[in-house]
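I would like the entire structure built from these sequences, with the hints used as guidance.
2 protein chains.
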Amino acid sequence: MGDVKILLDESEIPKQWYNVAADLPVPLPPPLGPDGNPIGPEALTPLFPMALIEQEVSTERWIPIPEPVRDIYRMWRPSPMFRARQLEQALGTPAKIYYKYEGVSPAGSHKPNTAVAQAYYNQKEGCRRLTTETGAGQWGSSIALAGAMFGLTVRVYMVKVSYQQKPFRRSMMETWGAEVFASPTNMTQSGRAALALDPNTPGSLGLAISEAVEDAASREDTHYALGSVLNHVVLHQTVIGLEAREQFKKINEFPDVVIGCCGGGSNFGGTAFPFLMDKASGKQVRLVAVEPDSCPTLTKGRYAYDHGDTAKLTPLLPMYSLGHDFIPPGIHAGGLRYHGDSPLVSHLVHLGLIEAVGVPQLATFQAGVLFARSEGILPAPEANHAVRVAIDEALACKQTGEAKTIFFTLSGHGHFDMAAYDRYFAGDLEDYAYPEEKINASLAALRPVSLG
Amino acid sequence: MGDVKILLDESEIPKQWYNVAADLPVPLPPPLGPDGNPIGPEALTPLFPMALIEQEVSTERWIPIPEPVRDIYRMWRPSPMFRARQLEQALGTPAKIYYKYEGVSPAGSHKPNTAVAQAYYNQKEGCRRLTTETGAGQWGSSIALAGAMFGLTVRVYMVKVSYQQKPFRRSMMETWGAEVFASPTNMTQSGRAALALDPNTPGSLGLAISEAVEDAASREDTHYALGSVLNHVVLHQTVIGLEAREQFKKINEFPDVVIGCCGGGSNFGGTAFPFLMDKASGKQVRLVAVEPDSCPTLTKGRYAYDHGDTAKLTPLLPMYSLGHDFIPPGIHAGGLRYHGDSPLVSHLVHLGLIEAVGVPQLATFQAGVLFARSEGILPAPEANHAVRVAIDEALACKQTGEAKTIFFTLSGHGHFDMAAYDRYFAGDLEDYAYPEEKINASLAALRPVSLG
Numbered sequence: 001m002g003d004v005k006i007l008l009d010e011s012e013i014p015k016q017w018y019n020v021a022a023d024l025p026v027p028l029p030p031p032l033g034p035d036g037n038p039i040g041p042e043a044l045t046p047l048f049p050m051a052l053i054e055q056e057v058s059t060e061r062w063i064p065i066p067e068p069v070r071d072i073y074r075m076w077r078p079s080p081m082f083r084a085r086q087l088e089q090a091l092g093t094p095a096k097i098y099y100k101y102e103g104v105s106p107a108g109s110h111k112p113n114t115a116v117a118q119a120y121y122n123q124k125e126g127c128r129r130l131t132t133e134t135g136a137g138q139w140g141s142s143i144a145l146a147g148a149m150f151g152l153t154v155r156v157y158m159v160k161v162s163y164q165q166k167p168f169r170r171s172m173m174e175t176w177g178a179e180v181f182a183s184p185t186n187m188t189q190s191g192r193a194a195l196a197l198d199p200n201t202p203g204s205l206g207l208a209i210s211e212a213v214e215d216a217a218s219r220e221d222t223h224y225a226l227g228s229v230l231n232h233v234v235l236h237q238t239v240i241g242l243e244a245r246e247q248f249k250k251i252n253e254f255p256d257v258v259i260g261c262c263g264g265g266s267n268f269g270g271t272a273f274p275f276l277m278d279k280a281s282g283k284q285v286r287l288v289a290v291e292p293d294s295c296p297t298l299t300k301g302r303y304a305y306d307h308g309d310t311a312k313l314t315p316l317l318p319m320y321s322l323g324h325d326f327i328p329p330g331i332h333a334g335g336l337r338y339h340g341d342s343p344l345v346s347h348l349v350h351l352g353l354i355e356a357v358g359v360p361q362l363a364t365f366q367a368g369v370l371f372a373r374s375e376g377i378l379p380a381p382e383a384n385h386a387v388r389v390a391i392d393e394a395l396a397c398k399q400t401g402e403a404k405t406i407f408f409t410l411s412g413h414g415h416f417d418m419a420a421y422d423r424y425f426a427g428d429l430e431d432y433a434y435p436e437e438k439i440n441a442s443l444a445a446l447r448p449v450s451l452g
Numbered sequence: 001m002g003d004v005k006i007l008l009d010e011s012e013i014p015k016q017w018y019n020v021a022a023d024l025p026v027p028l029p030p031p032l033g034p035d036g037n038p039i040g041p042e043a044l045t046p047l048f049p050m051a052l053i054e055q056e057v058s059t060e061r062w063i064p065i066p067e068p069v070r071d072i073y074r075m076w077r078p079s080p081m082f083r084a085r086q087l088e089q090a091l092g093t094p095a096k097i098y099y100k101y102e103g104v105s106p107a108g109s110h111k112p113n114t115a116v117a118q119a120y121y122n123q124k125e126g127c128r129r130l131t132t133e134t135g136a137g138q139w140g141s142s143i144a145l146a147g148a149m150f151g152l153t154v155r156v157y158m159v160k161v162s163y164q165q166k167p168f169r170r171s172m173m174e175t176w177g178a179e180v181f182a183s184p185t186n187m188t189q190s191g192r193a194a195l196a197l198d199p200n201t202p203g204s205l206g207l208a209i210s211e212a213v214e215d216a217a218s219r220e221d222t223h224y225a226l227g228s229v230l231n232h233v234v235l236h237q238t239v240i241g242l243e244a245r246e247q248f249k250k251i252n253e254f255p256d257v258v259i260g261c262c263g264g265g266s267n268f269g270g271t272a273f274p275f276l277m278d279k280a281s282g283k284q285v286r287l288v289a290v291e292p293d294s295c296p297t298l299t300k301g302r303y304a305y306d307h308g309d310t311a312k313l314t315p316l317l318p319m320y321s322l323g324h325d326f327i328p329p330g331i332h333a334g335g336l337r338y339h340g341d342s343p344l345v346s347h348l349v350h351l352g353l354i355e356a357v358g359v360p361q362l363a364t365f366q367a368g369v370l371f372a373r374s375e376g377i378l379p380a381p382e383a384n385h386a387v388r389v390a391i392d393e394a395l396a397c398k399q400t401g402e403a404k405t406i407f408f409t410l411s412g413h414g415h416f417d418m419a420a421y422d423r424y425f426a427g428d429l430e431d432y433a434y435p436e437e438k439i440n441a442s443l444a445a446l447r448p449v450s451l452g
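Sequence lines, in order, name chains A and B.
The opening position of the first sequence corresponds to residue 1 in full-length UniProt numbering, with each subsequent residue numbered one higher.
The opening position of the second sequence corresponds to residue 1 in full-length UniProt numbering, with each subsequent residue numbered one higher.
A portion of the hints provided could be inaccurate.
As the list claims (entries may be wrong) - List of simulated lysine to any residue pairs, SDA-like, C-alpha gap at most 20 Å:
| # | chain 1 | residue 1 | chain 2 | residue 2 |
| --- | --- | --- | --- | --- |
| 1 | B | K5 | A | P68 |
| 2 | B | K249 | B | R286 |
| 3 | B | K124 | B | R219 |
| 4 | A | K124 | A | F150 |
| 5 | A | K5 | B | E12 |
| 6 | B | K5 | A | D9 |
| 7 | B | K5 | A | S11 |
| 8 | A | K96 | A | K398 |
| 9 | A | K5 | B | I13 |
| 10 | B | K250 | A | L7 |
| 11 | B | K438 | B | G330 |
| 12 | A | K250 | B | E12 |
| 13 | B | K5 | A | E10 |
| 14 | B | K124 | B | Q16 |
| 15 | A | K300 | A | Y432 |
| 16 | A | K438 | A | P296 |
| 17 | B | K5 | A | E12 |
| 18 | B | K250 | A | S11 |
| 19 | A | K312 | A | I39 |
| 20 | A | K250 | B | R74 |
| 21 | A | K5 | B | R70 |
| 22 | A | K5 | B | L7 |
| 23 | B | K404 | B | D3 |
| 24 | B | K250 | A | E12 |
| 25 | A | K124 | B | S374 |
| 26 | B | K249 | A | D9 |
| 27 | B | K250 | A | R74 |
| 28 | A | K312 | A | D325 |
| 29 | B | K5 | A | R70 |
Just so you know, the hints here were simulated from the structure itself, not pulled from any lab data.
Here it is as structure tokens:
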């Protein structure tokens with residue numbers, strides 16, 4: 001048996017992030033203000049430090065990773081890549097399956113890759129307090145961790161359904177010193193408005209974002225941190241794909257297909273964008289974003305200008321969206337319950353450079369259990385979406401006899417998601433129908449994106 | 001900043017386990033049967049495969065690790081060693097602190113090191129079903145994982161207090177395909193007897209062992225697997241210390257003190273025994289076993305012959321014990337709630353080659369929170385015992401100005417222990433007084449160990 005893990009040295013942690021904005025065949029349309037006109041970077045200064053705003057609009061291809069950020073990355077990076085030999089055997093596929101495991105970070109997912117960078121820049125520019133939202137708790141944990149590393153106070157608005165499903169994610173954030181509240185709260189106008197409409201709302205990422213943004217905008221000492229969607233967030237996650245490319249070089253392989261689960265888009269974009277450089281230089285590689293078919297942003301949403309949050313506090317972003325009022329069912333992949341998607345991922349899907357596919361909840365858990373029993377690692381429900389499609393690709397190879405090289409990012413472990421596995425085994429989980437007819441009208445009202 | 005992680009290649013996974021029985025200055029006294037006479041290996045055949053029985057009594061210094069076991073080890077081994085630079089800074093100590101992190105295994109602790117070996121030998125000798133007990137759930141998870149890897153059916157008797165405190169450990173075992181029951185159950189004679197005495201008993205490791213042994217002994221197709229205490233179990237864990245010694249060689253360092261938490265003794269023995277070779281060759285190194293002061297086996301128990309379980313189904317083992325009837329308080333370090341200890345660890349403590357220290361519960365959580373906020377990783381409550389003593393050693397260095405090299409094994413992560421952290425933050429955790437007077441009489445009745 002050859003090596004199971006493909007490892008890099010600490011010296012091989014990337015020294016620069018890859019900014020896909022430099023290589024877009026058509027430029028990314030700008031965000032718009034409430035008046036419908038493009039907004040400049042200055043509109044973001046109440047929420048973000050200048051360094052992150054500059055990254056948000058930059059078209060430089062390579063952006064240096066500050067040494068203090070790389071020093072924290074050393075705690076878990078470079079993350080390992082694994083050959084999934086036992087999964088291959090279980091499937092009886094001629095395909096080779098590789099996965100990069102981001103669950104080795106202390107918070108258990110890819111999210112600290114950007115949390116650490118965001119905390120660093122905020123601290124460097126004198127910010128002392130951060131607010132944020134979290135869905136499944138992966139992001140909140142990560143910013144809590146990063147806050148502890150850089151001495152920042154952190155407040156997390158956690159989507160209520162996840163707060164209830166994952167009490168120990170809250171404990172984890174508190175252990176790292178953060179304050180955590182179930183969103184909607186009665187501490188913000190956005191929260192109070194949502195509770196007035198429906199006191200039993202399960203909450204949503206869009207709503208939690210509204211609360212965190214409102215909190216940050218109302219205090220001088222506070223900035224806001226977003227765990228996905230925005231360009232600078234996806235930028236920081238490109239360490240995943242950059243390392244993966246080096247890992248493939250070490251073993252003289254190259255993937256035929258690159259797969260990532262996609263909610264706000266940072267895990268998928270961070271994994272896939274660096275491979276666009278290979279695609280541009282003529283290599284054949286498919287890039288596949290996987291989303292839940294109950295929240296099918298890329299596969300059934302509209303490419304349009306929409307707000308990132310429910311209360312319409314954020315600028316209008318050019319993205320695939322199901323409408324900022326869309327509240328997805330309480331599926332267990334909380335990190336994928338977002339009405340919109342990264343503008344960069346959306347743009348590249350729209351341009352045809354990236355594929356998107358939706359998968360039903362039960363099939364993702366089935367894939368996750370098979371993965372756990374063969375590869376050992378217990379995946380997060382979000383990551384199971386990528387596992388599902390990797391398995392489907394491998395099974396297709398079994399039909400055709402092709403020995404494709406399949407690569408996916410296993411974005412996090414499921415240690416805080418065992419209640420979901422319990423419900424899956426008990427037969428209590430459902431597949432949800434997406435209410436297509438119900439929301440088509442509101443989608444049609446969104447302002448379309450013009451590519452000039 | 002130098003490297004934070006000290007890594008080895010997969011080719012550097014040890015090819016042999018180190019058997020400290022070969023190097024004891026005084027031989028280990030034999031286990032005794034119910035008649036008080038030494039028992040031979042054949043007495044163990046209803047419970048264990050021959051290969052493990054041979055390891056149990058072997059005095060060969062090096063025992064080859066089968067390739068199929070090394071192949072599974074590759075999933076997470078060699079485990080990383082970290083320099084705890086941020087903890088050092090937080091403490092303001094001149095000491096250097098290193099820790100080896102065993103939480104990288106899929107089950108989240110060191111336990112799979114032996115679980116995989118035990119499952120392998122059982123499967124190889126035709127066994128199809130394993131029973132075991134688990135305290136904190138670390139061991140049960142590990143044997144569930146190993147069972148999945150080698151196609152064995154696994155039944156786990158889980159100490160009731162842990163079953164209640166850690167429901168998601170159960171889910172994890174079930175995800176890997178194991179059956180899990182809260183012990184005492186009404187499915188065994190030992191369980192029924194315990195429930196008759198006290199229907200509300202929190203259970204204990206000793207009692208759960210009784211149930212698992214009774215189950216295994218009553219079925220032809222079933223063997224029993226023990227997660228600690230026995231010689232072959234500690235043997236398998238020596239991969240920890242063997243790798244650590246190689247990692248120290250890579251950085252030209254050597255520890256002044258080696259620390260491990262100690263319940264049944266496999267984590268501590270696995271960490272410390274290989275360093276006895278250095279001690280024997282004249283190097284100065286202290287080996288410190290850390291236990292909870294509410295279950296102070298090594299520090300307040302008697303070195304005597306005692307049963308490993310409550311129902312007296314096991315042979316009499318020569319070990320430090322608090323008496324097989326001792327049921328420790330429901331502290332959150334469930335893996336350290338054992339009345340006895342590894343005969344090998346006990347013997348070496350008795351011979352003065354190993355030190356032992358007891359620490360109170362609250363101080364261990366305080367240490368764990370400081371560790372989490374500086375090093376990122378959230379330790380298991382068991383591991384916090386080692387963290388506590390490492391910090392105490394580092395603070396002593398701060399007083400004396402000595403730049404000692406402190407090494408400990410962080411035996412597992414605390415992802416399934418967040419309820420304990422919750423209780424710690426809420427002020428609901430207690431330090432327990434050990435009932436010294438109450439049990440001294442029963443200790444005095446134990447048969448002393450003669451070293452011949």
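The hints, checked one at a time:
1. Distance check on the hinted pair: B:K5 and A:P68 sit about 16 Å apart at the alpha-carbon level, within 20 Å; holds.
2. For the hint pairing B:K249 with B:R286, the CA-to-CA distance comes to about 18 Å; that is within 20 Å, so the pair holds.
3. In summary, the hint linking B:K124 to B:R219 is supported, as the alpha carbons are separated by about 18 Å, within the 20 Å threshold.
4. A distance of roughly 9 Å separates the Cα atoms of A:K124 and A:F150; the hinted pair therefore holds under the 20 Å criterion.
5. Between A:K5 and B:E12, the direct Cα distance comes to roughly 13 Å. Compliance with the 20 Å bound is thereby established for this hinted pair.
6. Of the supplied pair hints, the one linking B:K5 and A:D9 holds, its CA atoms being roughly 9 Å apart against a limit of 20 Å.
7. Between B:K5 and A:S11 the CA atoms are separated by roughly 11 Å; this keeps the pair inside 20 Å, and the hint holds.
8. For a cut-off of 20 Å, the pair hint linking A:K96 to A:K398 stands: about 11 Å separates their Cα positions.
9. Among the hinted pairs, A:K5 with B:I13 is consistent with the structure: their alpha-carbon atoms are about 12 Å apart, no more than 20 Å.
10. A hinted pair counts as satisfied when its Cα atoms are at most 20 Å apart, and B:K250 with A:L7 qualifies at roughly 17 Å.
11. Simply put, B:K438 and B:G330 have alpha-carbon atoms about 18 Å apart, close enough for the 20 Å limit, and the pair holds.
12. Note on A:K250 and B:E12: the hinted pairing holds, with a Cα-Cα distance of about 18 Å set against a maximum of 20 Å.
13. Restraint check for B:K5 and A:E10: the C-alpha separation of about 8 Å stays at or below 20 Å, so the hint holds.
14. For the given pair, B:K124 sits about 19 Å from B:Q16 by alpha-carbon distance, which is consistent with the 20 Å threshold.
15. A C-alpha spacing of about 14 Å is found between A:K300 and A:Y432, which places the hinted pair at or below 20 Å, so the restraint holds.
16. The hinted pair formed by A:K438 and A:P296 meets the criterion: a straight-line CA distance of about 14 Å does not exceed 20 Å.
17. Using a Cα cut-off of 20 Å, the hinted pair B:K5 and A:E12 holds, with the two alpha carbons roughly 13 Å apart.
18. Restraint check for B:K250 and A:S11: the C-alpha separation of about 16 Å stays at or below 20 Å, so the hint holds.
19. This hinted pair checks out: A:K312 and A:I39 have alpha carbons roughly 15 Å apart, not beyond 20 Å.
20. Of the pairs offered as hints, the one joining A:K250 and B:R74 holds, with about 18 Å between alpha carbons and a cut-off of 20 Å not exceeded.
21. Taken as a hint, the A:K5 and B:R70 pair is honoured in the structure, with Cα atoms around 13 Å apart against an allowance of 20 Å.
22. The suggested pairing of A:K5 with B:L7 holds, with an alpha-carbon distance near 12 Å, which does not exceed 20 Å.
23. Distance check on the hinted pair: B:K404 and B:D3 sit about 19 Å apart at the alpha-carbon level, within 20 Å; holds.
24. Annotation: proposed proximity of B:K250 to A:E12 holds, straight-line Cα distance about 18 Å (limit 20 Å).
25. Between A:K124 and B:S374, the direct Cα distance comes to roughly 19 Å. Compliance with the 20 Å bound is thereby established for this hinted pair.
26. Of the pairs offered as hints, the one joining B:K249 and A:D9 holds, with about 17 Å between alpha carbons and a cut-off of 20 Å not exceeded.
27. Of the supplied pair hints, the one linking B:K250 and A:R74 holds, its CA atoms being roughly 18 Å apart against a limit of 20 Å.
28. A C-alpha spacing of about 10 Å is found between A:K312 and A:D325, which places the hinted pair at or below 20 Å, so the restraint holds.
29. Restraint check for B:K5 and A:R70: satisfied, since their Cα atoms lie roughly 13 Å apart, inside the 20 Å limit.
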